[in-house]
Each structure stands twice: as C-alpha cells, then as structure tokens.
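Enquirer: These are the residues of each chain, in order.
Number of protein chains: 2
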Amino acid sequence: MTPDSLYAISLIAENCPGVLRDVASVVAAHNTNILMVQQSIIPCGPNRGKASLYFELEGGEDRGLMIADLVELHCTEDVITYAPFSRIFGSRVIIIGGGAQVAQVAMGAVNEADRHNIRGERISVDTIPLVGEDDLAQAVEAVARLPRASILVLAGSLMGGEISSAVDRVRQAGIPVIALKMAGTVPKHADLVVTDPIQAGVFAVMHVSGKAVFDIYRVRGQEF
Amino acid sequence: MTPDSLYAISLIAENCPGVLRDVASVVAAHNTNILMVQQSIIPCGPNRGKASLYFELEGGEDRGLMIADLVELHCTEDVITYAPFSRIFGSRVIIIGGGAQVAQVAMGAVNEADRHNIRGERISVDTIPLVGEDDLAQAVEAVARLPRASILVLAGSLMGGEISSAVDRVRQAGIPVIALKMAGTVPKHADLVVTDPIQAGVFAVMHVSGKAVFDIYRVRGQEF
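From first to last, the protein sequence lines are chains A and B. In terms of the working numbering, the first sequence is residues 1 to 224. In terms of the working numbering, the second sequence is residues 1 to 224.
Careful: at least some of the hints might be erroneous.
Any copy, or any two copies together, can satisfy a pair, since identical chains are not distinguished.
[What the hints assert, rightly or not] Here are the simulated SDA-like cross-link-like pairs (lysine to any residue), alpha carbons at most 25 angstroms apart as the crow flies:
1) 50 - 61
2) 50 - 90
3) 211 - 148
4) 211 - 87
5) 50 - 31
6) 50 - 174
7) 50 - 145
8) 50 - 165
9) 211 - 133
10) 50 - 5
11) 188 - 12
12) 181 - 66
13) 181 - 162
14) 50 - 176
15) 211 - 147
16) 50 - 175
17) 211 - 138
The hints are simulated quantities; they were obtained by calculation from the structure and are not laboratory data.
Bound-form chain A, shown alone (with noise of 0.2 angstroms):
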C-alpha cells in the first residue's frame, strides 16, 4: 500500500442514527477500508447541530466514485478531502513526566524535529505534564492506543512499580521507551537511558526520523 492511498475526508450530516453505518457500508462496497473516524456535534456556526464525520481511508478502486455515492447518501450534506493527519502532523514522539523536566526533554526534541521536517519530514512533539504512580501509568499505557505515536519519553526523577509495568506493554505494543536517568525501576524497563533531557529528546526524534542513521535497537541497554 503506497503512502498516496491513504486519504481523508469530512463530511457534514444530519444528526441522526445509522449515519456511519450509511457511510461505512459505501466505503465498504469500494474496497476501501477505515482507518479512523471521529463523530462529533457541530458545536458553532451555520451547520450547529449537525453531525461532523472525519474519515481516514486507505485503498479503493475509484475515489471519486465513492465520494459522489457518499454526496448521494440523503443523511450527508458536504464531503470534503484532505491530506490525511500522517502526513499534516507525521510520526509522534510523546514526552511524559514532570513539568521541568518533560519541557527540556521537549526543547531538544522540537529544535532536533524543526532540522527533519525542514528537509520535508513529518515529526511532531506532544507532551503531558503528570505526577503520581497511578495517573503515570494510566497515560503511559494509553500511549500503545494514541494514533501515530511513535517513541515515549519518561522524563522525571523518580518512577517505578505500576509505571514499570505499563512500560513494558508500551514496548510489547512496538513502541521503543527512552528514560531519562533517575531513581526509581523505569530505567531498567527502557530501551534506553539518557541523563541530559536534551539529548533524550534528540535521540526520540533521530530515531523517529526517516533521514537520520541512529536505531535505538542499536544502541538497546545503554546509557549516556
């Protein structure tokens, strides 16, 4: 499947039951299949009340074909196509911890994502400031169901138990965990220890990166 298969579009409708099973059942009958949808009530404007429908879509013999049988549905109003948020927004490096920290991991990993996406990549910086094991883990985890996350940061002084746990399930789901140096067993559950926060969030990004050389499987165990 190239790049250039995936596509998304919106669509305005009315507010009302079986929309996205109208919807889903058109793009199915195209061969096309759903990568995501979001549903939400139009909140403002000329359109409030309505229904929104965002569709990430992949594949599919005649595009717009489709989209004229979607115009058709009597429930939906306006479809518009976009470039999908791959290719807006790209991969995602996600940075979690405390807020000192989790800032200067960031400002390594967004001046080191400002030099790849110069030369045309896509690499985006998101971040969440939290405090205590439990709400820690709780986000930790969820970042193995967040769209394009690509590489966790832990950025703290002190992490462990419920967190080392959710680490290891966020690197059974595919996604390599950098930890900044600290106390606590989340050092030893990561692919990869770092003690300045700068070069933690340099190294997220340069493995994130298309372009550069650097692996974190390479280099898996080590610490700077």
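The hints should help you fit chain B onto chain A, whose structure is shown.
Expert: Just chain B now, kept in the frame of chain A:
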C-alpha cells in the same frame, strides 16, 4: 451528558470486511453514540495480523450488556474497557511554528500545565515545528479537525497569506488563536498577540484550564 458517560473500549478482531459494521450495529442497538473509532492491523506479537479497534463511546443504557453482545460477535476475540483519551490526556494546547520559538512557547505551556495537572486537571501540550507558508497553512487548518484541540499558538517571526486565512477558519471552528508578536498579517487575525513566548504558552494553558480565571475572549484584540 455527564463526563462519566464517556468511556473507551478496544477489541481484537479477525481482519475481515464488515467488522466495523457489525460492531457499530451492536453499539447502535444499545443506544450508544460512537465518538471515535480507530482501526489498525496489529504489526507484531501474538495477535499479529489481526485487527485492533479502539472506540470512544457515550451514553447507552447497560454498558455490561453491550460489551457482552460485542464479545459474542463471531469476529471479535477480546474486549477491554479503558478511560477515554479526554480523561487521560485532556484538552490539547497546540503550538505550531519555527523550532526555536515553538520550544520556548512549549516550555511556558508545559510548566503551566504541570501546575494545573498537579491539581487534577488534564492539559497536554502538543507541537510541530514547520517552515513554509503552504505547510504551515495546511497544519493550522488541520487543527480544527484534531481531537480535543482547545487552543492554538502560532510561534514564529513571519506568518501571513494563506496562514492568516487558515487562522480565520480555525477560529470559526471555535478554537481561539494566540500569535507571537511577529511580521506578517497573522497577528491581525489572532485573538491575542503576545511578545514573550513563555508567556504565550502560559496564557494558552490558563485559557484552557477549568480552574484559572483567565478567559482569552475578555482580552481579545489586545497585545502583551
């Protein structure tokens, strides 16, 4: 609709046509709204090649009964309940622009979000460094389609043209826009113009917070 009526489930299913239709039918039969669906093929591990579906759902009468009906579908193998992303990652502050300035705005926003999240809120700070009018305009416009995007900060030294039109469309979608003081027409289209990037990040988080007293619409058109 109370926040508690929002929840998430994931299912592992055979990768065959009609899974989404079958699941959506069960969900609709229980008077439950689908807010978001993500589908992907599991790339590794014991479930490799199977489909993973993630749903965010709202309302419905008997959640347990609905999940039991989902488990009974012949295509599904496993159904797990989660907290939805809104309760884990919360409202999103989005920062777009040049790397050096995005990093500074992020530092202000992450540190301010830390203070709020310690008190039980959930505010995340998501960024992408980009250059070029077309790429920036495309990213800015896409913010209106991003789930949970609550405010946008444009961090750069020169932005105008198509980017200003995109700012207008994002604001029409109900998302306020802060611009750094910069050359180009973007500051004229923003709700608020801020000179210091750290303060711009702090303002953005203060607006999103449910606990802070700041409301961007009470200072609209001002410059700091």
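Enquirer: The structure should be examined with respect to each hint, and the outcome stated for every one.
Expert: So, going through the hints one by one against the coordinates:
Proximity of residue 50 to residue 61 under the C-alpha cut-off of 25 angstroms is restricted to the inter-copy arrangement: shortest distance 23 angstroms between copies versus 30 angstroms within a copy. Taking the closest pair of Cα atoms, residue 50 and residue 90 come within 25 angstroms of each other only across two copies (24 angstroms); inside a single copy the shortest separation is 29 angstroms, beyond that limit. With identical chains, the CA atoms of residue 211 and residue 148 are at most 25 angstroms apart within one copy only, with a shortest distance of 18 angstroms there and 31 angstroms across copies. Taking the shortest alpha-carbon separations for residue 211 and residue 87, only the intra-copy value of 16 angstroms comes in at or below 25 angstroms, while the best inter-copy value is 35 angstroms.
When the C-alpha separation of residue 50 and residue 31 is checked against a cutoff of 25 angstroms, the pair qualifies only between copies, where the shortest distance is 18 angstroms, while the shortest distance within a copy is 28 angstroms. For a Cα distance limit of 25 angstroms, the shortest separation of residue 50 from residue 174 across copies, 15 angstroms, qualifies, whereas the shortest one inside one copy, 38 angstroms, does not. In the homo-oligomer, the alpha carbons of residue 50 and residue 145 lie at most 25 angstroms apart only across protomers (15 angstroms), although the nearest pairing inside one protomer, at 28 angstroms, exceeds that limit. When the C-alpha separation of residue 50 and residue 165 is checked against a cutoff of 25 angstroms, the pair qualifies only between copies, where the shortest distance is 24 angstroms, while the shortest distance within a copy is 42 angstroms.
In this assembly of identical chains, residue 211 and residue 133 lie within 25 angstroms of each other by CA distance solely across copies; the values are 23 angstroms between and 36 angstroms within a copy. Taking the closest pair of Cα atoms, residue 50 and residue 5 come within 25 angstroms of each other only across two copies (21 angstroms); inside a single copy the shortest separation is 29 angstroms, beyond that limit. Neither within a single protomer nor between protomers do residue 188 and residue 12 lie at most 25 angstroms apart by alpha-carbon distance, with minima of 49 angstroms and 30 angstroms respectively. Proximity of residue 181 and residue 66 under a CA criterion of 25 angstroms is satisfied in neither setting, with 52 angstroms inside one chain copy and 45 angstroms between copies.
In this assembly of identical chains, the alpha carbons of residue 181 and residue 162 lie at most 25 angstroms apart only when taken from the same copy (18 angstroms versus 44 angstroms across copies). When the C-alpha separation of residue 50 and residue 176 is checked against a cutoff of 25 angstroms, the pair qualifies only between copies, where the shortest distance is 21 angstroms, while the shortest distance within a copy is 40 angstroms. In this assembly of identical chains, residue 211 and residue 147 lie within 25 angstroms of each other by CA distance solely inside one copy; the values are 22 angstroms within and 29 angstroms between copies. In the homo-oligomer, the alpha carbons of residue 50 and residue 175 lie at most 25 angstroms apart only across protomers (18 angstroms), although the nearest pairing inside one protomer, at 37 angstroms, exceeds that limit.
Taking the shortest alpha-carbon separations for residue 211 and residue 138, only the inter-copy value of 23 angstroms comes in at or below 25 angstroms, while the best intra-copy value is 32 angstroms.
Going through the hint list in order, the structure does not satisfy hints 11 and 12.
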